Each structure stands twice: as C-alpha cells, then as structure tokens.
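Read top to bottom, the protein sequences are chains A and B.
So in this note's numbering, the last one in the first sequence is 290, and the numbering has no gaps at all.
So in this note's numbering, the last one in the second sequence is 274, and the numbering has no gaps at all.
To be clear, the hints were calculated from the coordinates, so they are not data collected in a lab.
Check each hint, because a few of them may be wrong.
[Unchecked claim] Covered by chain B, according to a simulated footprint, are these stretches of chain A (three or more residues, beta-carbon under 8 Å):
(1) 61-73
(2) 77-90
(3) 125-136
(4) 151-157
(5) 175-186
(6) 268-276
Only a predicted model underlies this, so the values are computations on that prediction, with no experimental measurement involved.
By construction, the Cβ of each residue, glycine as well, lies at the ideal position given by its N, Cα and C atoms.
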Amino acid sequence: MSSYEARFKVWRGDVEGGGLQDFTVEVHDGEVVLDIIHRLQATQTPDLAVRWNCKAGKCGSCSAEINGRPRLMCMTRMSVFTREETITVTPLRTFPVIRDLVTDVGFNYQKAREVPAFVPPAGLGPGQYRMMQEDVDRSQEFRKCIECFLCQDTCHVVRDHEENKTAFAGPRFLMRVAELDMHPLDAAAESGLDRGRSAQDDHGLGYCNITKCCTEVCPEGIRITDNALIPMKERAVDRKYDPLVWLGSKIRRRTT
Amino acid sequence: MATGTEPQQNSGGVRTGTRAAIAAPHLRTDRWWLAPAVTAAGLFAFVVYSTWRAFSNAHYYAAPYVSPFYSPCLAQNCRTMHAGPNADLFGSWWGISPAIIILIFPLGFRLTCYYYRKAYYRSFWASPPACAVAEPHQKYTGETRFPLILQNVHRYFFYFALLVAGVLTYDTVLSFRDTHYRWGHMGLGTLVFLVNIVLIWAYTISCHSCRHIVGGKLKHFSKHPVRYKAWQFVGRLNTRHMQLAWASLLSVALADFYVYLVASGVFDDPRFF
C-alpha cells in the first residue's frame, strides 16, 4: 500500500466569518475525501465540524463542495485527483453555514412540508393496494433519492438568487411532486388537488430553466431533469398553456 | 482559524450573508468553461451559415436535389422544381428569400427545444455558465414571465416539425431520380439526404414533448400497452437527444451545402447508378 502527502484547503468558520485553512495530510490507497477529513480531525484539528453517517453513499449526510463541485465526500475517491493537486473542501454554498463543513439544510425540510402528501385512494385499505410494475417504475426511480440535497445546492435558481427560495421548491421537491403525480394510486385529482398545476403555481416549476445541473450532481444517477422536471413542465403545459388539451377536456367532460 | 475573513456583506448569491464566507464566485478547478464555449461556437457558426444561406435566395436547387432550407418552397419567386416541394401559398407579394417562410418552423422547434434551451442558457446567457459557477445576473425569474414563458409552445413547433420532416422525406424520395427526373437512380447527394432525413426524424421523435404526447402524460401504462411501448421507444431515443440535436443540425447544414456546391457548379454529383 502506498501513501503520499496531499495538500488540502478546508473551510473553517461559522456564520460570523471564516476562511480556507491549509493542511498537509497523509493519504493512503483507496481512500475517499471523507477519510482524509476524518484523519484531519484525528491528527490536526479535532474541533473540525463535519456531518457524516453511513460512509456508503446512502445516508446523504456528507454533502460538501470539493474543488467547487457539489459531491458526497464519502463517494469521492482521492484517486480522481492528481497527487500535486490542492484539494479544496467547503460547505454547501447555497445554505446558511453552521460551522466548518456543516450547513443548515432546514430550507429543504420546509419545502418538503409544502408538498401535499400521497392521497390514499377511496375504498382501498392497507394491504389492498395493487399496482403493475410498469405503472410504478417512474415513481420508483425518484424513490432512490437519498436527500443529500446536492441538487438543491447546485441549482442556480436558489444558489445564485436567495430571494427565489420563497417561491421555488428546488429540483428535489419538484421531483417529489412528479413522483406523486405519476403514482398510479395517488387520488389527489379526485380530492381536487391538481399536482401538475400546483407544480407550476405553488412550487415554482417555471423558475427551472432545465440546465440539468441537478442531474449532473445526483449521486444516485436519477435523471431528475428528463424524467421528473420536463414531464412536469409538459403536464403544466397541458393544464395551462395548451388550448387543444383544454378544449378536449371540456368536450370530454360534457359528453361523460 | 483563518484570518482576514470577516462576515460577508449581503451581496446576493453564494456570497449572501449567512452562507460560508468565500469571496470567490466559484472554486472549480476543471475546465468548466470548455463545454459552454464549444457550444456557443457551434451554435454561432450554424447561425452565421444558415443566415447567409437563407437570405442568399440562390443555388438551392440542383435536380433532383432541393436544399432542406428551401423546402417546402411556398412563394411565387421559388424556382420550379420538377414534381418538387413547390406550393405557391404566398403568391407574388413575397419578395425576399422564400427560405424565410419555412425556416421559422424548424428554428422555433430548435429554439424552444429542451436541449437547446439548456445549451444557450448556459453558453450565451450564462444562466448558469456551468454547474456551481455563479451566474452574473442580479435577478432571475426563469421561464415564469414573458418572453421566456413562451417556451411552453414547444409542442406546437413539434407538430410543425413533423410536417417539415414529412416534406424532407418526400425530397429524399425525389433524390432517387437522375438529373432528367428518371426514377431508380442514386448519387452521393441521395446518400447525404438519406443520412440527413434519418437524423432529422430521430431528433424530432426523440423530443421531450413527443415523449409526453405519446405516453408520458398517462398515469397507468398498464392500461395502454401500445402507448407504453411507444413511450419506451421514444424514451430510449430521448436519452440521445443532445447528440441527435447536434448530429441533425450538422447534417441539415451539410445537405444544404452539398446542394449549394452542386448547384453553383463547384462539382458534379457523383452518380452510383
């Protein structure tokens, strides 16, 4: 097993201020960035704050920006960098910082609460739900989300424009709306909730300009833009901007 | 603790007060600028070329080939093309190049296409230039207001694009003639037209609006097996939408340029049979 000394710059500070601090730290074969952050904690800076949990890319806790790119620290191998490279690790830059690499991601929990939950179908009790696989495939892709919030972090709508946080739910929660709208048993429409229209009117779908950064950074490889956001945009067009669909729905309603 | 790192002024974006105090608008070390630069160069080159060809109003027909930029030709000032895509809908009052009439539709289709939107928002408008690279604009409303809310008409341009692709298919069939309009012949131009029409159809069918219309809007695929199959097929093509967008853009320009070269007498169309 070989090892070498890597140069790191790690952001230290809190909401009062902070900056990039230089470290030189030992790296072994097969390690990931989170290993190195742990080694810094163990050997040089024991009070370095970092949020982590599973170290397997499934809990979504160790999100950070590595050389300016939103990534999971536990899934970023050191071997993707050259040995001469200085590796910069900062907290997510879209959310308020708490300390060092830890940010307050409460914005996301607020947005999660704003999405109306699954509406159970009438007349079916627990254990009576039956669905065909092809009907749930689409929603299941979105269920792979580990809520690391890298997509929320990289989305320029809120990253570069703090003022849009009120109106825009972000890709993760627009995907949640899509997941429910495509769910074969969701009875939201029967209860008077139009999720397609709501995505546009209540969750700010129109702010998305489909530049696909959410898809690029997703560690689960979910095709957020192609499979969730664009289909929701098309459904919003059905509801709001397509006179032919509108006319068809009126005629159908009259004849049924 | 690092020094010289006072809390930031509330200057907006990634430098908003409560976020980590980092002065740099981004910390990316890779060549993030390359993709938007190449995209901008490619789109700019096509715009320059197509503008020149669309307004030139010349060298767009060399029997049996008609340039895709001038097909269908809808004004009286079009060249008569034997059994070709002539339809004098606009009459004699249309004085400028007839290409302008028809190019509006493929232009609108590509301008509102979900892939091209990503491409030009990133490369021309820097919104954002690349992921996690700060955009230069103070304010952002996305596609919520005029004029960008008009991007929602994409599906109508898709319908027109189907018609245009149909006409270009007809032109490709006509290219199986020789210069005296006898059937059963083929030249290098026929091959160019064939490749072009395959790419045009693949790009058109792989469109996100098409994917929605054929089946994406359904809630229960299991009740619509044919539409489900169609949705799956379009979905597979859709994963290559970007590549098809570029390939078809290049092929349509090449097909036009080929007709230009033959029509202007630079060389004779090599005939296979």
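Hints, verified against the model:
1. With 0 residues having a Cβ less than 8 Å from any Cβ of chain B, the segment 61-73 of chain A misses the three-residue criterion, and the hint is violated.
2. A stretch counts as covered by a chain when three or more of its residues have a beta carbon under 8 Å from one of that chain; for the segment 77-90 of chain A and chain B the count is 0, and the coverage is violated.
3. Counting residues of the segment 125-136 of chain A whose beta-carbon sits less than 8 Å from any beta-carbon of chain B gives 6, enough to reach three: the coverage restraint holds.
4. Coverage of a stretch by a chain is defined here by at least three residues with a beta carbon nearer than 8 Å to that chain's beta carbons; for the segment 151-157 of chain A and chain B the count is 0, and the condition is violated.
5. Counting residues of the segment 175-186 of chain A whose C-beta sits closer than 8 Å to any C-beta of chain B gives 0, which falls short of three, so the coverage hint is violated.
6. Under the rule that three or more residues need a Cβ within less than 8 Å of chain B, the assignment of the segment 268-276 of chain A holds, with 8 such residues.
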